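Novice: Sequence:
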Amino acid sequence: MSNTKIQDPVFRRFYSHLNSAVTILQLYDGRIPFAHFVKNYFSQHKKFGSKDRRQISELCYCYFRLGRSYPQLATGQKIVKGYWLSKASWPDEWLAFFDSFHLPKESPDHIFPAVHSFSAGINNDAFTRSHLIQPDLFLRVRPGHKGAVTDKLKTADIPFVLTDDSLRLSNSVRVEDLVRLNQEVVVQDLSSQRVAKLLQLYQTVNKNEMVPLVWDCCAASGGKSILANDILQQMELTVSDIRPTILFNLKKRFQEARVKNYRAFVGDATSANPGRLFDLIIADVPCSGSGTWARTPEQLLYFEPGSIDAFVKLQSSITANIIQYLKPGGYLLYITCSVFEKENEGQVNLLQNKGLQLVEQLVLKGYKQKADTMFAALMKAPM
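Residue numbers (my numbering): 1 to 383.
Just to be clear, a hint being listed does not mean it is correct.
Straight-line Cα separation of at most 16 angstroms, EDC-like style, residue types lysine to aspartate or glutamate; simulated pairs [to be verified]:
no., residue 1, residue 2
1, Lys154, Asp125
2, Lys313, Glu360
3, Lys197, Asp165
4, Lys39, Glu58
5, Lys368, Asp125
6, Lys327, Glu184
7, Lys152, Asp136
8, Lys197, Asp164
9, Lys342, Asp309
10, Lys154, Glu209
11, Lys327, Glu209
12, Lys152, Asp177
13, Lys260, Glu236
14, Lys39, Asp52
15, Lys146, Asp164
16, Lys152, Asp125
17, Lys39, Asp29
18, Lys146, Glu184
19, Lys380, Glu360
20, Lys197, Glu360
21, Lys87, Asp29
22, Lys368, Asp136
23, Lys313, Glu341
24, Lys146, Asp230
25, Lys197, Asp230
26, Lys146, Asp165
27, Lys370, Asp8
28, Lys313, Glu345
29, Lys370, Asp125
30, Lys260, Asp230
31, Lys87, Asp52
Read the hints as simulated data drawn from the structure, not as lab findings. Computed from a predicted model, the values in this text were never measured in an experiment.
Construct all of the structure, not just a fragment, from the sequences and the given hints.
Specialist: What follows is the structure, given as structure tokens:
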């Protein structure tokens, strides 16, 4: 790099951030989510301002986004290559700056592990290259709040795209300062919102005129339960999760979302007994999370493909238990945020072998919309 470039304040600041990112990456071993690790790092090193923290974190994520590509590059060079590829175009002075690092011209070729194990219909190249860019922030506008929410965003001069009830915004927007989370909007990825199609299908095909009994058996933060509440309007809800702290947080979220008619219990979905039969069971099961790795790109480096089988075993154990609690003719909504066939169509095949009928399944491809990629299937129990 020339002395002129070093003296330029923009490049001098970038080079300082680059050195900090290299230091952080050398300390990170993948055992905890990188977001937690880097937050802890900055809490111990108070010298970094908020803008510095954002830029340094972005550079680290640019390194992860390349996966196992460019093994010949030093850490700093790989960061710069990832940063270069994170945008479609750059000013000439930045291109000259990148050239000073003597980076390879070829495209990354080992971004995503196990690319030959994808669900049907996923474009390998488009999906893997989508990891070079950070996904957008998506909000689902809850019924009756569209006008108020869009007015607040316009007043704050926040750019957004509204499609039906889905809002797309920049990840830099602090939405909690602008709208009432959970009451007016729910933070929910675009593909997760599109699971609504199968809930609407359930509403159409379900012939039971009684208020449906619904069990969200891996409830986590309750996003799918709130979605079901907004679509079905009336339901008697049961939620469970193996983690007590999750259910504590879910209770607060339900209060904000004004979801009242529910009961909750701590339970392992592989063995939980909810004590009744249900018209609909929602199983957003633990999975590899591979459809969301553009948000957590450290997984591109640290995920072990062999662990897919462990997730498959867990998913099979969960579904084997919960289908016992479907009413005759009841419905199972099976969901993953995985792109791997074993966790998706493979599990549907196992459920079909146990007598369930496939109503519809969706590979929710978000990689062309800067969103997650997911899988969902609606299945019906025998009468």
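Novice: The structure should be examined with respect to each hint, and the outcome stated for every one.
Specialist: Each hint tested on the structure:
no., hint, result
1, Lys154 <-> Asp125, "violated (37 angstroms)"
2, Lys313 <-> Glu360, "violated (23 angstroms)"
3, Lys197 <-> Asp165, "holds (13 angstroms)"
4, Lys39 <-> Glu58, "holds (13 angstroms)"
5, Lys368 <-> Asp125, "holds (11 angstroms)"
6, Lys327 <-> Glu184, "violated (34 angstroms)"
7, Lys152 <-> Asp136, "violated (19 angstroms)"
8, Lys197 <-> Asp164, "holds (13 angstroms)"
9, Lys342 <-> Asp309, "holds (8 angstroms)"
10, Lys154 <-> Glu209, "violated (42 angstroms)"
11, Lys327 <-> Glu209, "holds (14 angstroms)"
12, Lys152 <-> Asp177, "holds (10 angstroms)"
13, Lys260 <-> Glu236, "holds (10 angstroms)"
14, Lys39 <-> Asp52, "holds (13 angstroms)"
15, Lys146 <-> Asp164, "holds (9 angstroms)"
16, Lys152 <-> Asp125, "violated (39 angstroms)"
17, Lys39 <-> Asp29, "holds (15 angstroms)"
18, Lys146 <-> Glu184, "holds (8 angstroms)"
19, Lys380 <-> Glu360, "holds (10 angstroms)"
20, Lys197 <-> Glu360, "holds (10 angstroms)"
21, Lys87 <-> Asp29, "violated (27 angstroms)"
22, Lys368 <-> Asp136, "holds (11 angstroms)"
23, Lys313 <-> Glu341, "holds (14 angstroms)"
24, Lys146 <-> Asp230, "holds (14 angstroms)"
25, Lys197 <-> Asp230, "holds (13 angstroms)"
26, Lys146 <-> Asp165, "holds (7 angstroms)"
27, Lys370 <-> Asp8, "violated (33 angstroms)"
28, Lys313 <-> Glu345, "holds (14 angstroms)"
29, Lys370 <-> Asp125, "holds (15 angstroms)"
30, Lys260 <-> Asp230, "holds (12 angstroms)"
31, Lys87 <-> Asp52, "violated (19 angstroms)"
Going through the hint list in order, the structure does not satisfy hints 1, 2, 6, 7, 10, 16, 21, 27 and 31.
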